[in-house]
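Chains as they are written, first to last, in numbering that gives the first Met the number 0: chain A, 0 to 388; chain B, 0 to 435; chain C, 0 to 264.
Read the hints as simulated data drawn from the structure, not as lab findings. Where is the CB? At the ideal position from N, CA and C, for every residue including glycine. Be aware that a few hints might be false.
[Unchecked claim] Here are the simulated DSS-like pairs of lysine-lysine, each with C-alpha atoms no more than 30 Å apart in a straight line:
1. A:Lys353 - B:Lys209
2. B:Lys72 - A:Lys353
3. C:Lys170 - C:Lys149
4. C:Lys69 - C:Lys53
5. C:Lys64 - C:Lys53
6. C:Lys170 - C:Lys53
[Stated by the list, open to error] Footprint (simulated), chain A over chain B, 3 or more residues, beta carbon under 8 Å:
7. 169-183
8. 291-300
9. 371-384
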Amino acid sequence: MAGEPNASVRNVGQQRTVEIIRMVLLPLVQLALFIVGSAVVLGLIIVVVAFLLSRSDPMLFQTALAILPQVMIDGVVRGFLFATIALGYTMVYGVLEFINFAHGEIFMVGGFVGAGVGYLMQQIGLLTILPPLLFVLITVLAGMTVSGLLAMTTERIAYRPLRGAPRLVPLISAIGMSLVLQDLVRLIATSTPLGFNARFETPDFGQAIKLAEIPLGERSMPVMISPKAIIFITVAVLMLIALNYLVNATRLGKAIRATAQDMSTASLMGVNVNQIIALTFLIGGALGGAAGVLFGLNIGTVNPYMGFIPGIKAFTAAVLGGIGNITGAMVGGIVLGFLEAFVSSYLSMFTGGKFSGASYADIAAFSILILILIFRPSGLLGEAVTQKV
Amino acid sequence: MTTPRPAPDPWTQLRARLSSGPGGYVFLSLYAALCTGLLLLNTRTSLLTDILFILFMLLALVVYRSQVALGFKLGLGGVLFGLVLPYFGVLNPYYIDVATQAGIYAVLALGLNVVVGFAGLLDLGYVAFYAVGAYLWSIFSTPQIANLFAGAAPIASGWFYAFILLGLAIGAGFGVLLGLPVLRLRGDYLAIVTLGFGEVIRVLAVNLDKPINLTNGAQGIKDIGRPPLPLADFVRGTLGWTLDDNQLYQLFFYLLVLVILLLTVTAVSRLKHSRVGRAWEAIREDETAAIAQGIPLVRMKLMAFAVGASFAGMMGVVFAAKQLFINPPTFDLLRSISILSMVILGGLGSIPGVILGAVLVTLLDLQILPRIATVLRDAQKAGLPIPAAFDPTQYQRLLFGLLLIVMMIFRPEGILPEQRRREALHANEDTGTPEA
Amino acid sequence: MALLEATEVTKSFGGLTAVNAVTLQIEAGRIVSVIGPNGAGKTTFFNLLTGIYKPDSGSIIFDGKTLVGKRSDEIAALGMRRTFQNIRLFNNMTVLENVLVGMHTHLHAPFWQIIAHTSGLRREEAQARERAREHLAYVGLAAKGDELAKNLPYGDQRRLEIARALAGQPKLILLDEPTAGMNPQETIAATELIRRLRDELGLTVVLIEHDMRLVMAISERISVLDYGTKIAEGDANVIRSNPRVIEAYLGKGAAGHAEAPADSA
Chain A
0 MAGEPNASVR NVGQQRTVEI IRMVLLPLVQ LALFIVGSAV VLGLIIVVVA FLLSRSDPML
60 FQTALAILPQ VMIDGVVRGF LFATIALGYT MVYGVLEFIN FAHGEIFMVG GFVGAGVGYL
120 MQQIGLLTIL PPLLFVLITV LAGMTVSGLL AMTTERIAYR PLRGAPRLVP LISAIGMSLV
180 LQDLVRLIAT STPLGFNARF ETPDFGQAIK LAEIPLGERS MPVMISPKAI IFITVAVLML
240 IALNYLVNAT RLGKAIRATA QDMSTASLMG VNVNQIIALT FLIGGALGGA AGVLFGLNIG
300 TVNPYMGFIP GIKAFTAAVL GGIGNITGAM VGGIVLGFLE AFVSSYLSMF TGGKFSGASY
360 ADIAAFSILI LILIFRPSGL LGEAVTQKV
Chain B
0 MTTPRPAPDP WTQLRARLSS GPGGYVFLSL YAALCTGLLL LNTRTSLLTD ILFILFMLLA
60 LVVYRSQVAL GFKLGLGGVL FGLVLPYFGV LNPYYIDVAT QAGIYAVLAL GLNVVVGFAG
120 LLDLGYVAFY AVGAYLWSIF STPQIANLFA GAAPIASGWF YAFILLGLAI GAGFGVLLGL
180 PVLRLRGDYL AIVTLGFGEV IRVLAVNLDK PINLTNGAQG IKDIGRPPLP LADFVRGTLG
240 WTLDDNQLYQ LFFYLLVLVI LLLTVTAVSR LKHSRVGRAW EAIREDETAA IAQGIPLVRM
300 KLMAFAVGAS FAGMMGVVFA AKQLFINPPT FDLLRSISIL SMVILGGLGS IPGVILGAVL
360 VTLLDLQILP RIATVLRDAQ KAGLPIPAAF DPTQYQRLLF GLLLIVMMIF RPEGILPEQR
420 RREALHANED TGTPEA
Chain C
0 MALLEATEVT KSFGGLTAVN AVTLQIEAGR IVSVIGPNGA GKTTFFNLLT GIYKPDSGSI
60 IFDGKTLVGK RSDEIAALGM RRTFQNIRLF NNMTVLENVL VGMHTHLHAP FWQIIAHTSG
120 LRREEAQARE RAREHLAYVG LAAKGDELAK NLPYGDQRRL EIARALAGQP KLILLDEPTA
180 GMNPQETIAA TELIRRLRDE LGLTVVLIEH DMRLVMAISE RISVLDYGTK IAEGDANVIR
240 SNPRVIEAYL GKGAAGHAEA PADSA
């Protein structure tokens, strides 16, 4: 027990570091592959369809190609939005097999916290002097704190008393919680200077960055990405890395995974199940809150009912990726974001304006949800679940 | 209201004395006469009339729960809801409209109860079937029809009755259409998918103004046809009542809804006590055991979906004709959830409970919230610190949301549960009246 | 021809072969037991017979019809009914209603008759209730028809499951551990009931059971499963002295001095 151990400890330590890096980065590589894959597949489809249609309308092909890079950027941003919200659904589902219907509202609350912080800073004149990145840091942290605590509180009030009740009972309670949160925030917002449609005040982030310029007949089409979108993607990626580390490489993560596997056994092994569930809500809620802040920052306004549709879509993303699977939720979010961006940009163009793309993007999302649930309920990355008799 | 917990002795005794035997007849007659008299003396819309009206509606519950001869119950109910309420409605159209709405919602809630309460399938897109029925009649009875069939004129309003049946059939058809792919799903997934379906139907209603203008988009359809008034000459001539068309239509729709409600209750309770109802209940209790009894799971679930949807489709036709105007927001998710909260408030699976739930939620929504709003506005004028922007009538989500949470946590079986289940949950309590 | 013929039936979950090429022939009017240590694949075998699982390979012929590919409810309708190891009653329905649900496949009043409440329907309902009471009386629950199933004592719940299965007028009834958790008196009564099912009603009975006294007393034929494979078959005497059976129950080395498997494994 002397002489050698030091080296072997170091060796083990090194191995462990490598292992951790692998576990943290592997999902991100998978994610990147899916981003590239979705972009290529959908891009090809667009090219083919546009080519087929271009016989009747020669300009269509050019226009379709010219906006393609912009649509892809848009797809990535939407994708990360859905991915960060979807994580909250999937974590809670993984542990409790329960659809936290109110998660969309947790996201919305995050947006309001950001708007509130922005408003306060504007009032005291901080907004003009604060560096934009510091502003992002402060609002995101504030949003994460409030949303995470709120998610934990909802669990304590409306879900924990119903644990062990038939499946639909906590689901109905969660639907109720979703409605209550919508109107509570509305009550607060309309009683303060924020108002129903609250402006999300931010420091000046500067002009959109022009990535390229695509010639299109006499004119040219610029490909732009706004600094806010870059911030969104960066923060989202950072959070995903942190989450992967937390779940795969820490004791807490192990406890969460154990609880998800089998709650009663985990409890026998000394895991405090109630605490782990509360923490799961806290983490999922914090991610949702951060997504809300970033979303508000990007869009410029927030309102109390804005969480619902992104919530359902993020749930779709979670199911698409395989509910309960963290990497799956990210992948599902990306795929769904791309699909939506493509449908909303091209449907109207390809049908000569007969169908409005934006509204049918919603229908596309719900159709995907229905199709996935019917044909592959375990999702893209999920494992088949066998039923116990 | 009766309290669920074992009551102190004097109260139990009093209840027993007032709900059965000669005491019961006297009490019910007195209550009915008093309510009727006071209501007819206070016809102006006011807080007092609101309270009287609610007491009047609750009278139906008291009559139902009492242990008196069935003939007496039916006779009293017939007089109160067939004569007194319509007459009162002539004096004050607002209240009969509330009663009509409550009736419409009661039918919808009974339909949803077949799906959620009997078969245990959570359907969050129920209002879609209602929308289908409503748009069906709206498109065919207005010039919108010309966009569907070039040159076609709106259908004669006498076809309304045929369209009630058509709404029933098309509602059932849509129920099967949605049900076929999704009924293999597990309960919570089913809820989300039906929610998605409801949203799809609403988005379609908003967007199907192109490529052909079917639904007239977000503007909605106005000037919807209504059926010719039956017996108008009789009422005006022979009875000599001077009523304008609107008043007569109000009475007409009230009575029509009442008849449909009675038919619905009959149909639903017959189903419930048949092989079909037992199969649904078995599926809700334990799917695996139900299959082992030879119950075809998907077919029975489809049947529940179709039956529930058919009531909504039928009521959609009636609603469109009564309202004369419909637009997509009428059929949003909140409407589905409000119907769900009626079912849950009253008691999943319990027919009288669901009707009570529908009446209570409608009264809350249409009468009590506006009344609170008025009171708050007065208080605000008197200088109390109430935010100016706060309007309780706009906070339905809060109301329905709280209702769902509170019921789930404290009384998941509802306020008027199915008798049998109530016995199961409160084993020591005295048993009440047998079920309808 | 046998009433039930299962040939080379195999089912695996992931890497685990739960039922491995099991062949079983059951003649009509017999009482047959399937025994084996815990985890031997007995309940999985029942689940394969009743269509809850689809076999990976092999054929199952019941009453001349192939069962593979049929849904559970279709199989039940053909006349094969079962009870469950962990009692699956419709807890919040009454005892009588539980039996009525068991009759589902024999009630045929069409939908419109239910809505119209025709005399035909009322007659059918009345007869069904009458028959349901007879079934309850047969298993000794005549007085309990209006109680909720979940309020019955344990032994009565097992009887009710049998009554519910009888309501389907089956040709064959599969009983999954019908006496599990019963005290000696209850077990004797249950044994008696099982025997009556065959003697008086002419049913074919297949049971999974751990109580060896019961198995040996009433089975005309016993099949032993171990690790998903059938290791022995025959009447009580053959099984009692089969070394592989003794080994499966008591472990290697026990074969020499144990005469019969213990009462409950």
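The hints, checked one at a time:
no. : hint                : in the structure
1   : A:Lys353 - B:Lys209 : holds (6 Å)
2   : B:Lys72 - A:Lys353  : violated (59 Å)
3   : C:Lys170 - C:Lys149 : holds (28 Å)
4   : C:Lys69 - C:Lys53   : holds (9 Å)
5   : C:Lys64 - C:Lys53   : holds (16 Å)
6   : C:Lys170 - C:Lys53  : holds (22 Å)
7   : 169-183             : holds (count 3)
8   : 291-300             : violated (count 0)
9   : 371-384             : violated (count 0)
Checked against the numbered hints above, the structure breaks hints 2, 8 and 9 and satisfies the rest.
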